[in-house]
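As they're listed, the protein sequences go chains V and H. If you want this note's numbering, it's the position in the first sequence, counting the first as 1, plus 7. If you want this note's numbering, it's the position in the second sequence, counting the first as 1, plus 420.
Don't read these hints as lab results, they were simulated from the structure. Just so you know, even glycine gets a beta-carbon here, dropped at the ideal spot from N, CA and C. Check each hint, because a few of them may be wrong.
[Stated by the list, open to error] No more than 20 Å apart at the CA atoms, straight line, and that leaves these computed lysine to aspartate or glutamate pairs for DMTMM-like:
hint	chain 1	residue 1	chain 2	residue 2
1	V	64	V	82
2	H	473	V	108
3	V	64	H	487
4	H	475	H	423
5	H	474	V	108
6	H	475	V	108
7	H	474	H	501
8	H	473	H	487
9	H	488	H	425
10	H	473	H	435
11	V	64	V	8
12	H	488	H	437
[What the hints assert, rightly or not] Short, incomplete list of chain H residues facing chain V, as computed with Cβ under 10 Å:
hint	residue
13	438
14	459
15	517
16	518
17	520
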Amino acid sequence: DSGVTQTPKHLITATGQRVTLRCSPRSGDLSVYWYQQSLDQGLQFLIQYYNGEERAKGNILERFSAQQFPDLHSELNLSSLELGDSALYFCASSPRDRYNEQFFGPGTRLTVL
Amino acid sequence: KNEVEQSPQNLTAQEGEFITINCSYSVGISALHWLQQHPGGGIVSLFMLSSGKKKHGRLIATINIQEKHSSLHITASHPRDSAVYICAVSGPGNQFYFGTGTSLTVIP
């Protein structure tokens, strides 16, 4: 158990809908990262937050957005869902003094029908 | 163009064999990571290294910064080592790039 929690574990929804994925980092970790893992594209970095502020942006679509709240949990919002958004979404957190070291959550499996 | 290339894509070994997985990258990095993903989907970070060599149990990771290459070795492989091994690098602007993974199957 990495100490990073993600909810829900599974999510099934329809095209065009909007969903919110939630992540709670390890106690004391200020950084949160979001990743998408799809069958055809592998793991891709989406976005990073540090202490509530966006720190780095990767291949995140405009239909997706994220935020980190004062209690340091983070949410990834996916809207106007398409079939191709079906994937595993991972969250990871890292310690403030070892920002390269990452602890992964169990992931949320999103299925868009 | 992939910033991180891994080889081989698939690997089958007999229990007890010595295994090597290779990773090459094309960007400047602050660190290289080796991740393990089991069939259930969970990801575990095995190593993070920026130079030299690290060892943890039967696992050894090395990196050559000049050649932009890293290797993950598994000694005395065991069926429980069967998983996907992913190489990742943290590069400029805090970006992370991932290899496509090496699927390892160790047969008893």
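Outcome of the hint check:
Only pairs whose Cα atoms come within 20 Å are accepted, and residue 64 (chain V) paired with residue 82 (chain V) is accepted, the gap being roughly 15 Å. Distance restraint check for residue 473 (chain H) and residue 108 (chain V): the Cα-Cα separation of roughly 16 Å lies within the 20 Å cut-off, and the hinted pair is therefore satisfied. Taking the CA atoms of residue 64 (chain V) and residue 487 (chain H), the gap is near 28 Å; set against the 20 Å cutoff, the hint is violated. Between the alpha carbons of residue 475 (chain H) and residue 423 (chain H) the distance comes to roughly 25 Å, so the proposed pair goes past 20 Å and is violated.
Proposed proximity of residue 474 (chain H) and residue 108 (chain V) is supported: the alpha carbons are some 14 Å apart, at most 20 Å. For the hint pairing residue 475 (chain H) with residue 108 (chain V), the CA-to-CA distance comes to about 16 Å; that is within 20 Å, so the pair holds. Pair hint residue 474 (chain H) plus residue 501 (chain H) holds up; C-alpha atoms about 18 Å apart against a cutoff of 20 Å. Of the pairs offered as hints, the one joining residue 473 (chain H) and residue 487 (chain H) holds, with about 15 Å between alpha carbons and a cut-off of 20 Å not exceeded.
Only pairs whose Cα atoms come within 20 Å are accepted, and residue 488 (chain H) paired with residue 425 (chain H) is accepted, the gap being roughly 11 Å. At roughly 24 Å between alpha-carbon atoms, residue 473 (chain H) and residue 435 (chain H) are farther apart than 20 Å, so this suggested pair is violated. About 27 Å separates the Cα atoms of residue 64 (chain V) and residue 8 (chain V), which puts this hinted pair outside 20 Å; it is violated. At most 20 Å may separate the alpha-carbon atoms for a hinted pair to count; residue 488 (chain H) and residue 437 (chain H) exceed this at roughly 26 Å.
The restraint placing residue 438 (chain H) at the interface with chain V is violated, with a minimum CB-CB distance near 26 Å, outside the 10 Å limit. Given hint, residue 459 (chain H) at the interface with chain V, is violated; its Cβ is 13 Å from that chain's nearest Cβ, farther than 10 Å. Because the beta carbon of residue 517 (chain H) sits about 7 Å from the nearest beta carbon in chain V, less than 10 Å, this interface hint is met. Interface restraint check for residue 518 (chain H): the shortest CB-CB distance to chain V comes to about 4 Å, inside 10 Å, so the restraint holds.
The interface hint given for residue 520 (chain H) holds, since its Cβ lies 5 Å from the closest Cβ of chain V, which is under the 10 Å cut-off.
In this structure, the earlier hints numbered 3, 4, 10, 11, 12, 13 and 14 are contradicted, and the remaining ones agree with it.
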